[in-house]
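Chemist: These are the residues of each chain, in order.
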Amino acid sequence: MQILVCGGTGCRDLESEAILESLKLEVEANALENDIQVVRTGCFGLCSLGPIVKIMPDDVVYFKVKHGDAREIVEEHVIKGKKVERLLLKDPVNNKSLVSSAEMNGFKKQLRIVLRNCGVIDPENIEESIAHNGYEALGKVLTEMTPDDTIKVIKDSGLRGRGGGGFPTGIKWEIARKNKADQKYVVCNADEGDPGAFMDRSVLEGDPHAVLEAMAICGYCIEADKGLIYIRAEYPLAVARLKTAISQAREYGLLGKNIMGTGFSFDIEIRYGAGAFVCGEETALIHSMEGLRGEPTVKPPFPAEAGFRGKPTNVNNVETFACVSPIILKGADWFAGIGTARSKGTKVFALAGKINNVGLIEVPMGTTLRDVIFEIGGGIRNGKKFKAAQTGGPSGGCLTEKHLDTPIDFDNLIAAGSMMGSGGLIVMDEDDCMVSVAKFFLDFTVEESCGKCSPCRIGNKRLHELLDHITKGKGTLADLDRLRNMSLVIKDTSLCGLGQSSPNPVLSTLDNFRDEYVAHVTAKKCPAGKCRDLMEYFIIAENCVGCTACARVCPVNAITGQRKEPHVINPSICIKCGACKEKCKFDAIIVQ
Amino acid sequence: METVKLTIDNKEIEVPKGMTIHKAARKIGIEIPVLCYMELHDMQIENKPAGCRICVVEVQGRRNLAPSCATKCEEGMVVKTHTTRVLNARRTVMEFILSDHPKDCLICPKSGNCELQSMAQQLGIREIPGQEIAAMSTYRKDTSPSIIRDLDKCIMCRRCEMMCNEVQTVGALSAVNRGFMAAVAPAFEQNLEHSTCTYCGQCVAVCPTGALTEVNHTPEVLRALADPSKTVIVQTAPAVRAALGEEFGMEPGTLVTGKMVAALRALGFDYVFDTDFAADLTIMEEGTELLDRLTRHLNGDTTAKLPILTSCCPGWVNFFEEYFPDLKDVPSTAKSPQQMFGAIAKTYFADKIKVDRKDLVVVSIMPCLAKKYECQREEFSTDGNRDVDFSISTRELAAFIKQANLDLNNLADDEFDSPLGESTGAGVIFGATGGVIEAACRTAYEIYTGKKLERLEFNELRGLDGVREATIDFNGLPLKIGIANGLGNARKLLEEVRSGKSQFHAIEVMACPGGCIGGGGQPLHHGNSDIIKARAAAIYREDNSKPLRKSHENPFIIKLYEEFLGKPNSEKAHHLLHTHYFYNKKKVVVKQ
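As they're listed, the protein sequences go chains D and F.
Per this note's numbering, the first sequence runs over residues 60 to 651.
Per this note's numbering, the second sequence runs over residues 2 to 593.
Among the hints, erroneous ones may be present.
[As the list claims (entries may be wrong)] Within a straight-line C-alpha distance of at most 20 angstroms, the following computed EDC-like cross-link-like pairs (lysine to aspartate or glutamate) qualify:
no.	chain 1	residue 1	chain 2	residue 2
1	D	Lys358	F	Glu47
2	D	Lys533	D	Asp502
3	F	Lys18	D	Glu364
4	D	Lys285	D	Glu328
5	D	Lys358	F	Glu59
6	D	Lys358	F	Glu76
Hints in this document: simulated from the structure, not taken from any laboratory.
Chain D with its partners taken away, still in its complex shape (with noise of 0.2 angstroms):
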């Protein structure tokens, strides 16, 4: 029997190391050491149900557990076999207990494919990874396949790149096979900047080894024996992951001079970021890991051509590298079975925002928005009503209602004014206002422009400023055009693809939600009422009491009044802070 604890940073954050500490120390109490085996695994995903303690083969899993449960667990489950009712998740419709995954809205409609193994292994055991599949795939391409044959599979399997722009992963191997050169490389971008977004934490946190094998497997197709890793500082346990990884892949002969004895070299190194969004960008990541400035060049070249140092470099996102393996193994035409016409395979997303489940899921192409968001995300938080889903990130879109039915994929998502982006999906309800949430998002990207091109550098400023402008209830209807034909040109003029979508989410909103915008700049009102200054505090005099209470909280002694006479609110005054609303027991206070 195996007690899985997850180690993702969500769950050790509420101190899962310690829960699995005194697991063991209970499965030693109870001398079951040789018989049970406690394990640290990666993300299990339902990571706003953490810390996550599964029991297999039972296949049982208990959520918000803390250390002092582990007896009981151990007890109760382990020895007597009889489940901890309490730490079970609850049926939201019949409050029946749920007890095995597969019972659970959450994971029935998941497909884990790049997750397959977090959750499950030991990331920090090869073993593990090698019991489950790993490197298997990488053996047998080294002695079963040309490098041709490789990028064949890749590419029958439609495997399109998961970083965000969704280009063909085999034709750039193709490309990058094609480029003849002493020194190519691969590289693997764990730069994962959206916010909101841990899918390529998770892989690497849960499963390490499924990227080093793919990226081996690439090697092997382009003729690198170089592999690096660009990953974010941010990130010091995925690091720590992959470096015991590393170290264990090269031990077991899977990384180094002559792999599996068949001649194959391939080494690892990991290189790491310090934070810029931009350096997602290929050429802006490779300028980084070559010490210069981490920012775009016009791309041609492609990185296939002239790369890292100048040589021919593949550059792949973690989820991308992450699916390979299966795919060699299981064949392109299973991978091409699953998703839609031109977006094949599964996709990873990190649910945020206003939803019951945050978490990462993982389900096939093609999955409609409200499965995600009401299915396996379990809808709206505190029942309110859905109002709209950023995908794609910062620079993504916002999908709507109308969206709701539409399958998941890149030309969908394309098609309604968003992206797929690396997989972020950030939900909001009817108390968002979405002028402020394009702001929101412009203040990312304004942030985290590299400067270097001029739409993108003055451009998304004054984008967020004028946006500022239009949430102080200062804008025009005139200024609804210039947003647009301001964003149009960013897209339009910018050097990459920061500048080239930055836009979106303004472009959307104002798309989809036109009304709102007017009514900031017409009726100088915020429908959500989320724009402190369109806000106005009034006192309904029939609830008044006169008791004071608002009178006396009021930081700038707006309000005045008899005692037990209704009061007034002087809107000349009021700085919309809220204390008196929050104060009055009678509902008397209201806000439009």
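Given chain D's structure and the hints, the job is docking chain F onto it.
Modeler: Just chain F, lined up with the frame of chain D:
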């Protein structure tokens, strides 16, 4: 040569493969506006970051607009350079750039010569929408002995950075910060004075706006001229006469020696002298030093270091003091002509006219910004009185002449005063790369061989290639000569010297591409290398027209030695005309 056919604005054109759209369009008379892009054709200098996005064009089948400066022509391409989409994008991007640029054109030192200003005119920008809510990126101003940085005016064209790093390999300037606050500055945004800057001024020479300008010393000169107790004399460097006319609408390459003298006299200088005289003196000292070292070397004296390096360029002196302090006994100890002139003027000439050196003000007109710094070096003054009091650039002189209501075109030629205005053709060619060493050869040959030189033109030493080498037959002794213009090229030769691999007996170095004619204080070339070539031709024309073309035949030089200095490299000559090198820069106090 492989070619491709494409269509630009409905015109078919066939161009060599690899040519950019911008250059191809130019071939058929379509001038696509460019801002950050700059090329000095034939000089291997190109700035192509594709950052400003002004030159965007529409390419059929491409999703976004293409920067024509950096997009290569492809077979069958259909390019449109002025569609509504392109014009709107270009205008909007220009509005972005202008929205973050100070509007003080009226009092900007670059006004009338600013590429941003011209572009705004060309694009017909008459208003900047949203300026009232647009924040500006502002920075601390920085004044060094030679160069003023006003980053508020930086448009991130990166030309200065390219010159400083790629061409000059000085590495003082690079992009700092990101996004809206990105600008080009020394590391850690320290002052230029505390950076590796050599004051070569090539950043100023290429800056399209008023972000980089020279420190203006004209007011001090004006004050001296107005002071009746002062005798004010002026020296003019050889390269000035070949470029000054450009500021008055004359064709590049027009020689204005006589008019310049007339203008200076009209400005009120008491004596108008020529740095060429000091250039002849430099040849006497440096040539003698070369022959001395050469003879000792040939006689087996291992302490006699070869090659000897010229030392008349202060940017170059700063460069080797900064980067090659271990080689500081390799260059000639001879001062630059500017400083030799000052030293002689404040001793020999002051005595002659019976003026105390404190009442004698020496002004130099230089094509150079490093000379401003050089004349402020402590070792070039006696009891706090500088040998050269003020150095002003060709551009400053032009402005000065205009302020005095003079039009150079309408002035009658005048003659330099005697004795410090008399020079030979050898002195004139100091202004072009290769000129110093050619002048030295003319003298050294006759002294070394005792024979008369039949052919004075050493064409093998001329040209604009960055590194040139030639072997001159010194009556059986093959004298190996190296020439570098541009500090990056100098670095190559210096590295060879450092590693003991240098084959040369003598090396001439000029910090600026093309030599002094391409100096940082010259009229702006705006990326037209034909201007620099025309100036070189003018320099050699002046040499040809001179009755005397060998420094040692200058009768006033001969007289100077007879009356005052004794022999070349005599003790007195050493005291007045030679210097030593050390890491000195940080001691200079900035004079505001």
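Chemist: Now look at each hint and say whether the structure bears it out.
Modeler: The hints, checked one at a time:
The hinted pair formed by Lys358/D and Glu47/F meets the criterion: a straight-line CA distance of about 18 angstroms does not exceed 20 angstroms. Under the criterion of a C-alpha separation no larger than 20 angstroms, the hint pairing Lys533/D with Asp502/D is consistent with the structure, at around 19 angstroms. Straight-line distance between C-alpha atoms of Lys18/F and Glu364/D comes to about 17 angstroms, which keeps the hinted pair within the 20 angstroms bound. For the hint pairing Lys285/D with Glu328/D, the CA-to-CA distance comes to about 8 angstroms; that is within 20 angstroms, so the pair holds.
This hinted pair checks out: Lys358/D and Glu59/F have alpha carbons roughly 16 angstroms apart, not beyond 20 angstroms. Between Lys358/D and Glu76/F, the direct Cα distance comes to roughly 17 angstroms. Compliance with the 20 angstroms bound is thereby established for this hinted pair.
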